[in-house]
Amino acid sequence: MTFAASNGTDVVAGDLADAVAAASLTLARAFAAGATLWCVAPEWPAHAEHVAVEFVHPVIVGTRAFPAIPVGAADPVAGVRVLARPGDVVIVIGTTRATGIRPLLRRAGAWGLTSIWLGTGPRPEAAWADHLIWLQGPDAHGPGPGVPGEAVDFVLAYHLLWELTQVVFEHPGLLTAPVDEPAGEVCITCSDEGRLAEVEAVTDDAHADVLAGGRRESIDVRLVDPVEPGDLVLVHAGVAIAVVDGAEP
Amino acid sequence: MRFVDEYRDPVAARTLLDRIRVLAGDDRFKFMEVCGGHTHAIYRHGIEHILPEGVELVHGPGCPVCVIPMGRVDDAIAVAEQPGVTFTAFGDMMRVPGSHGTLLESKARGADVRVVYSPLDALRIAIDEPDRRVVFFAVGFETTAPSTALTLLRARELDVGNFDVFCNHVTIVPPVKAILDSPDLRLDGFIGPGHVSTVIGQRPYRFVPERYGKPLVTAGFEPLDVLAAITMLLEQIRSGRCEVENQYTRAVREEGNPRALAVMAETFELRPHFEWRGLGFISQSALQLRPEFAAWDAERRYAIPGVRVADPKACQCGEVLKGVIKPWECKVFGTACTPQTPIGTCMVSSEGACAAYYNFGRLHREAAVALRR
Numbered sequence: 001m002t003f004a005a006s007n008g009t010d011v012v013a014g015d016l017a018d019a020v021a022a023a024s025l026t027l028a029r030a031f032a033a034g035a036t037l038w039c040v041a042p043e044w045p046a047h048a049e050h051v052a053v054e055f056v057h058p059v060i061v062g063t064r065a066f067p068a069i070p071v072g073a074a075d076p077v078a079g080v081r082v083l084a085r086p087g088d089v090v091i092v093i094g095t096t097r098a099t100g101i102r103p104l105l106r107r108a109g110a111w112g113l114t115s116i117w118l119g120t121g122p123r124p125e126a127a128w129a130d131h132l133i134w135l136q137g138p139d140a141h142g143p144g145p146g147v148p149g150e151a152v153d154f155v156l157a158y159h160l161l162w163e164l165t166q167v168v169f170e171h172p173g174l175l176t177a178p179v180d181e182p183a184g185e186v187c188i189t190c191s192d193e194g195r196l197a198e199v200e201a202v203t204d205d206a207h208a209d210v211l212a213g214g215r216r217e218s219i220d221v222r223l224v225d226p227v228e229p230g231d232l233v234l235v236h237a238g239v240a241i242a243v244v245d246g247a248e249p
Numbered sequence: 001m002r003f004v005d006e007y008r009d010p011v012a013a014r015t016l017l018d019r020i021r022v023l024a025g026d027d028r029f030k031f032m033e034v035c036g037g038h039t040h041a042i043y044r045h046g047i048e049h050i051l052p053e054g055v056e057l058v059h060g061p062g063c064p065v066c067v068i069p070m071g072r073v074d075d076a077i078a079v080a081e082q083p084g085v086t087f088t089a090f091g092d093m094m095r096v097p098g099s100h101g102t103l104l105e106s107k108a109r110g111a112d113v114r115v116v117y118s119p120l121d122a123l124r125i126a127i128d129e130p131d132r133r134v135v136f137f138a139v140g141f142e143t144t145a146p147s148t149a150l151t152l153l154r155a156r157e158l159d160v161g162n163f164d165v166f167c168n169h170v171t172i173v174p175p176v177k178a179i180l181d182s183p184d185l186r187l188d189g190f191i192g193p194g195h196v197s198t199v200i201g202q203r204p205y206r207f208v209p210e211r212y213g214k215p216l217v218t219a220g221f222e223p224l225d226v227l228a229a230i231t232m233l234l235e236q237i238r239s240g241r242c243e244v245e246n247q248y249t250r251a252v253r254e255e256g257n258p259r260a261l262a263v264m265a266e267t268f269e270l271r272p273h274f275e276w277r278g279l280g281f282i283s284q285s286a287l288q289l290r291p292e293f294a295a296w297d298a299e300r301r302y303a304i305p306g307v308r309v310a311d312p313k314a315c316q317c318g319e320v321l322k323g324v325i326k327p328w329e330c331k332v333f334g335t336a337c338t339p340q341t342p343i344g345t346c347m348v349s350s351e352g353a354c355a356a357y358y359n360f361g362r363l364h365r366e367a368a369v370a371l372r373r
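Chains D and P supply the protein sequences, listed in that same order. Take the first sequence: its position 194, counting from 1, is numbered 194 in the numbering used here, and each next residue is one higher. Take the second sequence: its position 293, counting from 1, is numbered 293 in the numbering used here, and each next residue is one higher.
No lab work stands behind these hints: they were computed from the structure. None of the values given here were measured: they were computed from a predicted structure. Glycine is no exception: its CB is placed at the ideal position from the N, C-alpha and C atoms. Keep in mind that a hint or two might mislead.
[To be verified] Quick list of the computed label-pair ranges, beta carbon to beta carbon:
1. D/G72 to P/P258: 35 to 43 Å
2. P/A314 to D/T95: 52 to 60 Å
3. D/I60 to P/E105: 40 to 48 Å
4. D/D245 to P/E319: 34 to 42 Å
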């Protein structure tokens, strides 16, 4: 897929175009189901505000405005944890050097959120987000059009994301995911379908309330070292069997 | 390359695939993924279709539902149909066929059979309903055994007298050894189970490189994890190394979870032998309750028929579990045996090789075959 400029030159092509298109489809489906977009940019809070402003206004008269809210950069994990509901989407804009991005993305699944990471610089070493939109070039984070020859910067990327999301809404058939997943897809023996959960509160010596996939449940934590709120654990059959590293690498 | 687009990071996936292609060259490699969770991920994301033709994945015995023999299901139903018994099981076990139907059909006949998510929930039912005798159908590898162990300790602590465990826990190492000893299979390495290893650690696998000369890489469950593990296996082979490596470092520690191992050792002991579906009897491959926990042992409280039931003749789950044949090569796959009406256990659990292939792989493979013509 490519996105062409008005003069006919390809502006965004290849992997990047595919990544933007896939993220737009996910975003549109989430908005159609009632999601809010939470915007985080620890290094450049202005980007978080900018992307939110775009989504909350229609592209042209008559199209949809989407709920999108920037989250303060001081402690994005705490902010999103308090504000987001299961089914929401979080978009993070920043480099792999930014603190706070990885702990947030690692927890997104446990909170029931879909995640998008719009980044630049060295690529992250593992798949940290549901959608990774990675820009090349030293000035991708700049406020303007970027250095000559580097057409894509953050601003252009999230404008495309916003406009494509609007385009998906013009095709209502796309707004529901195809039903090709068999029902009861998750094996509830949990035999090796362990789930990542975030500890919310330790209720007594043996138990903790956790969020797993956006749902709250009580699990047994006797088999792992003492946990505290915010820790990530791997849960099998109602028992935490491992503490998972959720910090910066 | 349709499937690569669905990966969380297509660029990273493509980089790994390029590396796999270079490392594999024109040679042929056969790797077994031991764990049913990996089988599920491999089919769901179409991993086997994007690998170079020379790299083949063979599905292992690591689905806890699939390895339960029919006779044990019959035993479970016999216990469930005793008067006054409330029988509890994980959801997948409800549809596993014994020789006289499933637990679900037993429930339809009037038995009190309930689905639980954790053995601790079963214990809770026993506490809440003291006039019922609650039995928990314990299945699974070292991932679920710790939760059963904790439940037993809790039952003793609270002195719950109306709770029993019908223990069918199995361990992962003996079947891997049985497969390595099996004459009809040539494997070049193993993708080690991820979550089992969070409990048992990396040490128990050392015999695989040391005694059998095969590398093993423990992997996570993201498609990229599986591709990274295959890359690591090929890199070992190409550089002449042969060892146990850990790709899933974000969850697996070298020593595992000592506390989980301790509660298992406190409550369970090894069975002299246990029948595995398709693999036959494997000595010291399963767990039973220690004599100190006899008061909570369903096998001591109830008359268990213990009849050995041969698998249906048409069913080839055994060969599928050993990786000798692929799911679609089974005589009844997709015709007499489907997820709706399973004949063999591999078709029941979503982690079973046949069900995973039926749900995700079937059409992709048919399309690939058609395109190659």
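Do the hints match the structure? See the list:
no. : hint                         : verdict
1   : D/G72 to P/P258: 35 to 43 Å  : holds (41 Å)
2   : P/A314 to D/T95: 52 to 60 Å  : holds (58 Å)
3   : D/I60 to P/E105: 40 to 48 Å  : violated (59 Å)
4   : D/D245 to P/E319: 34 to 42 Å : holds (39 Å)
Checked against the numbered hints given earlier, this structure breaks only hint 3.
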